[in-house]
Amino acid sequence: MDVTSLYNEQFMDHVTHPDYKYAMEDATHEHDGINPSCGDELHLSVRLGDDGRIEECAYTGHGCAVSMASADMMSDLMVGKTPAEAIELCALFKDMVTGAEKDADKLEEQLDEAALLMDVSHMPARVKCAELAWRTLSEMLQE
Amino acid sequence: MASILSAAHIATIEQSPYKLDFPLLAQNPQLAFLDSAATAQRPATVLDAERHFYETMNANPLRGLYRLSVEATASIDAARTRIARFIGATDDDGTPQGNAIVFTRNASEALNLLSRTLPRLTELGPGDDVVISIMEHHSNLIPWQQVCAATGANLVYLRLTEDFSIPKSELAEKIGPRTKIVSVTHVSNVLGVQNDVAAIAARAHEVGALCIVDGAQSVPHVAVNVRSLGCDFLAFSAHKLGGPMGIGVLWGKPELLDAMPPFLVGGEMIDSVTETDAVWSPVPQKFEAGTQDAAGSYATDAAIAYLEAHDMAALEERERLLAAYLCEQLQSRDYITIVGPSEPDRHVGAVSFDVKGIHPHDVASILDMSNVCIRAGHHCAQPLLTYLGWHSTCRASVAFYNDKADIDRLIAGLDTVWGIFNGRN
Chain B
716 MDVTSLYNEQ
726 FMDHVTHPDY
736 KYAMEDATHE
746 HDGINPSCGD
756 ELHLSVRLGD
766 DGRIEECAYT
776 GHGCAVSMAS
786 ADMMSDLMVG
796 KTPAEAIELC
806 ALFKDMVTGA
816 EKDADKLEEQ
826 LDEAALLMDV
836 SHMPARVKCA
846 ELAWRTLSEM
856 LQE
Chain C
21 MASILSAAHI
31 ATIEQSPYKL
41 DFPLLAQNPQ
51 LAFLDSAATA
61 QRPATVLDAE
71 RHFYETMNAN
81 PLRGLYRLSV
91 EATASIDAAR
101 TRIARFIGAT
111 DDDGTPQGNA
121 IVFTRNASEA
131 LNLLSRTLPR
141 LTELGPGDDV
151 VISIMEHHSN
161 LIPWQQVCAA
171 TGANLVYLRL
181 TEDFSIPKSE
191 LAEKIGPRTK
201 IVSVTHVSNV
211 LGVQNDVAAI
221 AARAHEVGAL
231 CIVDGAQSVP
241 HVAVNVRSLG
251 CDFLAFSAHK
261 LGGPMGIGVL
271 WGKPELLDAM
281 PPFLVGGEMI
291 DSVTETDAVW
301 SPVPQKFEAG
311 TQDAAGSYAT
321 DAAIAYLEAH
331 DMAALEERER
341 LLAAYLCEQL
351 QSRDYITIVG
361 PSEPDRHVGA
371 VSFDVKGIHP
381 HDVASILDMS
391 NVCIRAGHHC
401 AQPLLTYLGW
411 HSTCRASVAF
421 YNDKADIDRL
431 IAGLDTVWGI
441 FNGRN
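Chains as they are written, first to last, in the numbering used here: chain B, 716 to 858; chain C, 21 to 445.
Hints listed in this document are in silico derivations from the structure and should not be mistaken for laboratory results.
There could be a bad hint or two in this list.
As the list claims (entries may be wrong) - To be clear about the criterion: a stretch of chain B counts as covered by chain C if any three or more of its residues have a C-beta under 8 Å from a C-beta of chain C, and this derived list gives those stretches: (1) 732-746; (2) 749-761; (3) 797-805; (4) 838-851.
For every residue, glycine included, the Cβ atom is placed at its ideal position computed from N, Cα and C.
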């Protein structure tokens, strides 16, 4: 696999200039996620609007580029989604990085930029990193 | 900084005459395997030995009265003798203490054996101290944490100075009249530094404590002699010195092994059993319950035979040159910080480092794509990393079969990593 296929410009942009890495003051939901094997730590915040949809999603924490870029892409994707839709997208993302869902068109259509992380399915050691934000969000919304 | 390596040194490590002896390396000439501190590659002679055992002497050792079983038993005894000689475990007249070599599954199990049996021998209890160092691998840390929690003894840590060494004053202060057990690593799997375990053992004995040495990272790389170290126990793993996975070794002073209660109990470790009691076999069988990995012990013999045939002292010197070259090359990049001593000649095998602003897992993943294998994480030494103020680090480690090209490939790969994260790719 080419080095830059995962760590490409678009991916690196989320690492070096994240849009959603900040503390949210008026969150309605908050949840911590950790990845013990890497030491990645994520604090995820979500504000649900009156219509029940996600108005804003943001995160803080530290970890590898894969976990942080993944969190940034996810935060962008989730704006405007209902909790049920968000949970479904988290499941789809998991299927993508574990290699269970390989339909590139479907993934790009539903996961948008996060479909960039498709290559993680060839990197078993990094699946947990990529999944961290999505697992955390899914846990939070199911509680 | 001027290099400590001469042109002659560089010529020595330019190529590896050993790689062809190692099937995995011979079959993957583009692979830069720099993770021998996690597990070494195995020479063909070790793989052949494993097969030879099952093809020519496969029988359960110890119990059978027929020729095959006798041969299997003899081959394991021969392995014990070679291992004892290899670590300098001899009687005053030079006879190797083969019977003081106990086979376990790995160094962790050897240390667990000690942590489960020594508290009874030493009557460890509240008010007593168990002393370890802050640079222990979890395998020489958690067993003592558990023992102290169960017995009420205190777990005391020897700490490091800024130059990553344990000063004599620390030994004098932390090892005292309350100390019953001292268990320290000979070489740190993170920092690569070698501790003065002879001084630690001497201090332990001054106060009447027992001294255990974790040799997992030293026995494969430096000539270890338990008599000159003066320790009471030494634990190490076969897989880190080219032997099979699943074999660990515990050496102990014979009188101590005799006095200790057994660890695991059951078959193969008793002389006689009644409905209410049992009589233990003599050492080492007392500590080897159940059928052992006899082929693994036999292959461990072959692994040490390989090191001896290639002159352990020459291999040790070559590894020092490789580690020094590795350290100097890392230091040549201003985006890299060495986590450990800055002196290139203080690294035994391993060099930990940080790539500025880039998580070690990203470094390792990108290096993997260019066929460079390093370790990233806490290296099973979380308290050490926390003490030093790191979450995780990268670690490259060498063995004698590596060459200069392996290290050059690492450095080129690190330049690529740096470029990707800094917009130069």
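So which of those numbered hints doesn't the model satisfy? 1, 3
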